Amino acid sequence: MRTTFILSLLFLCAYGYGKTKEEFPVPRPPFTEGIFPCSSCHEGMEVNPKKRELKEEHRSIKLRHGENFRWCLDCHDGQNRDKLKLVSGELIDFTESYMLCGQCHGTTYRDWKAGIHGKRTGYFSGKKMYFLCVHCHDPHNPKFKPLRPEPPPMKPKETKHGR
Amino acid sequence: MADKLYTRRDVVKVISFSLLAGSGLLGSSCVNKEATEEFLQRHYLEMTEDEKKRVVKRLEERYRKDYGVKFNISTEAAKKGTLWGYGLDLSRCIGCRRCVYACVRENNNSRHDPQVHLIRVLRLKKGNLINLEHSEHYYNPEHVPEEGFIYMPVQCQHCENPPCVKVCPVKATWKEPDGLVVVDYNWCIGCRYCMAACPYKGRVFNWAEPKIPKEEINGEVHYLGNRPRMKNVVEKCTFCIQRVRSGRYPACVEACPTGTRKFGNLLDQESEIRYLIENKRVFRLKEDLNTEPKFYYFFSL
Numbered sequence: 001m002r003t004t005f006i007l008s009l010l011f012l013c014a015y016g017y018g019k020t021k022e023e024f025p026v027p028r029p030p031f032t033e034g035i036f037p038c039s040s041c042h043e044g045m046e047v048n049p050k051k052r053e054l055k056e057e058h059r060s061i062k063l064r065h066g067e068n069f070r071w072c073l074d075c076h077d078g079q080n081r082d083k084l085k086l087v088s089g090e091l092i093d094f095t096e097s098y099m100l101c102g103q104c105h106g107t108t109y110r111d112w113k114a115g116i117h118g119k120r121t122g123y124f125s126g127k128k129m130y131f132l133c134v135h136c137h138d139p140h141n142p143k144f145k146p147l148r149p150e151p152p153p154m155k156p157k158e159t160k161h162g163r
Numbered sequence: 001m002a003d004k005l006y007t008r009r010d011v012v013k014v015i016s017f018s019l020l021a022g023s024g025l026l027g028s029s030c031v032n033k034e035a036t037e038e039f040l041q042r043h044y045l046e047m048t049e050d051e052k053k054r055v056v057k058r059l060e061e062r063y064r065k066d067y068g069v070k071f072n073i074s075t076e077a078a079k080k081g082t083l084w085g086y087g088l089d090l091s092r093c094i095g096c097r098r099c100v101y102a103c104v105r106e107n108n109n110s111r112h113d114p115q116v117h118l119i120r121v122l123r124l125k126k127g128n129l130i131n132l133e134h135s136e137h138y139y140n141p142e143h144v145p146e147e148g149f150i151y152m153p154v155q156c157q158h159c160e161n162p163p164c165v166k167v168c169p170v171k172a173t174w175k176e177p178d179g180l181v182v183v184d185y186n187w188c189i190g191c192r193y194c195m196a197a198c199p200y201k202g203r204v205f206n207w208a209e210p211k212i213p214k215e216e217i218n219g220e221v222h223y224l225g226n227r228p229r230m231k232n233v234v235e236k237c238t239f240c241i242q243r244v245r246s247g248r249y250p251a252c253v254e255a256c257p258t259g260t261r262k263f264g265n266l267l268d269q270e271s272e273i274r275y276l277i278e279n280k281r282v283f284r285l286k287e288d289l290n291t292e293p294k295f296y297y298f299f300s301l
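Sequence order for the protein chains is A and B.
Residue numbering for the first sequence is 1 to 163, as defined by my numbering.
Residue numbering for the second sequence is 1 to 301, as defined by my numbering.
FYI, nobody ran anything at the bench for these hints, they're computed from the structure.
Everything numeric in this text was worked out from a predicted model, so none of it was measured.
It is possible that part of the hints are untrue.
[Claimed, not checked] Think about it this way: if two alpha-carbon atoms lie no more than 25 Å apart in a straight line, the pair counts; the simulated BS3-like pairs of lysine-lysine are: (1) LYS231(B) x LYS166(B); (2) LYS125(B) x LYS145(A); (3) LYS127(A) x LYS231(B); (4) LYS155(A) x LYS80(B).
If we strip away everything but chain A, and leave its shape as in the complex, we get (with noise of 0.2 Å):
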């Protein structure tokens, strides 16, 4: 009797994990003007996982994340192009993309729900922003560009008064 209790709260408990899902409203994903939906282009078209250098389309993506390891249909869904898709085989949304990368990067991950890395902007105390991770990182070259900096402050010298 109590074991079946226990065991039963359990169950609860972990169906209610999986159920409840943390949402994190983002903005826009940063995706190349008019290349949403993807299935404008792939539905219907023949998928084709080999890894190769493309030459058709998408001919600026160099994987550069991995991979040795990798290839496109590991984290994009052969059948739905729209959809990411997770280890699982989960499919996820593009507002989603965190949970595929928190996969592999779980210490980044727990801190960028936390505020820490990455970006939130909005109301600190209410409605809160997340940047995706990919607002920062290319998916497929990760490493984060270096920037042009903004000039430096006038030297004493070159303001009027000499000060």
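With chain A's structure known, arrange chain B on it following the hints.
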């Protein structure tokens, strides 16, 4: 210059002159009336709500005339249960200075002569950690980050124990209940004792009338924050009081492309500032001085 912003000292001059001329305090010209009102204006902390309303209305009209933009001057007070804290991730900052210019625009800082920057980004050699004596803030390479350097932005640290406040001879600067160190520009006499007392170089002096292009004016201001300043007053970072008191992140936090800058309520267990203090290696600048800054530098790596 008829519509110039009167400083307390100018007004003293005007009044002594008019007294001499025998015309008395309440001269008939409207400039004199406004100047007189401003001179009689009390210290911000001593104003009643009614007085604040009148002062705000007068200033809104004047700013509108001077800048041709509608101003909205807030006097929103500190909220109970808030104590603002700032976090800055030294493993992430790449020294791009986006924060510096976002701050200038948000806060209506003078663009040149004087150029007022409330954030200074120091470049330090990697390795000999945090030796501010060997820092450089005029670096200007093609791209950042540069190999072998780290970057450390410095601004007002909003000390719990602010030395600048202690030395002000007229109490024109003080610490608000939510921890923000602010200045009443109308009360500041420009003596700059506070600048000398600040160990972080967190204050800047307007040695001339601030210059801001009209089309770049930000009309959403707080009385103790980004309202236009005048010649001969000291100013400083207020963590964007006009934004944070209505629940928004400071402008520098939102402008940072790397997510280096963090902000939140130190009294809120759930805030990102509490999370980082509890989970990361944090330190504060010149801790030995007992200023107790509420600005936490940390390393996420």
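**Q.** Restraint status (C-alpha distance of LYS125(B) to LYS145(A) at most 25 Å)
**A.** Cα-Cα ~21 Å, so holds.
(Q) Holds or violated: LYS155(A) and LYS80(B), Cα atoms, limit 25 Å. (A) The given pair, whose Cα atoms are some 42 Å apart, is violated under the 25 Å limit.
Q) Is LYS127(A) within 25 Å of LYS231(B), Cα to Cα? A) Distance ~39 Å between LYS127(A) and LYS231(B) Cα, so the pair is violated.
Q) Are LYS231(B) and LYS166(B) close enough, with their CA atoms no more than 25 Å apart? A) holds, 23 Å
Of the numbered hints given earlier, the model fails hints 3, 4; all others are met.
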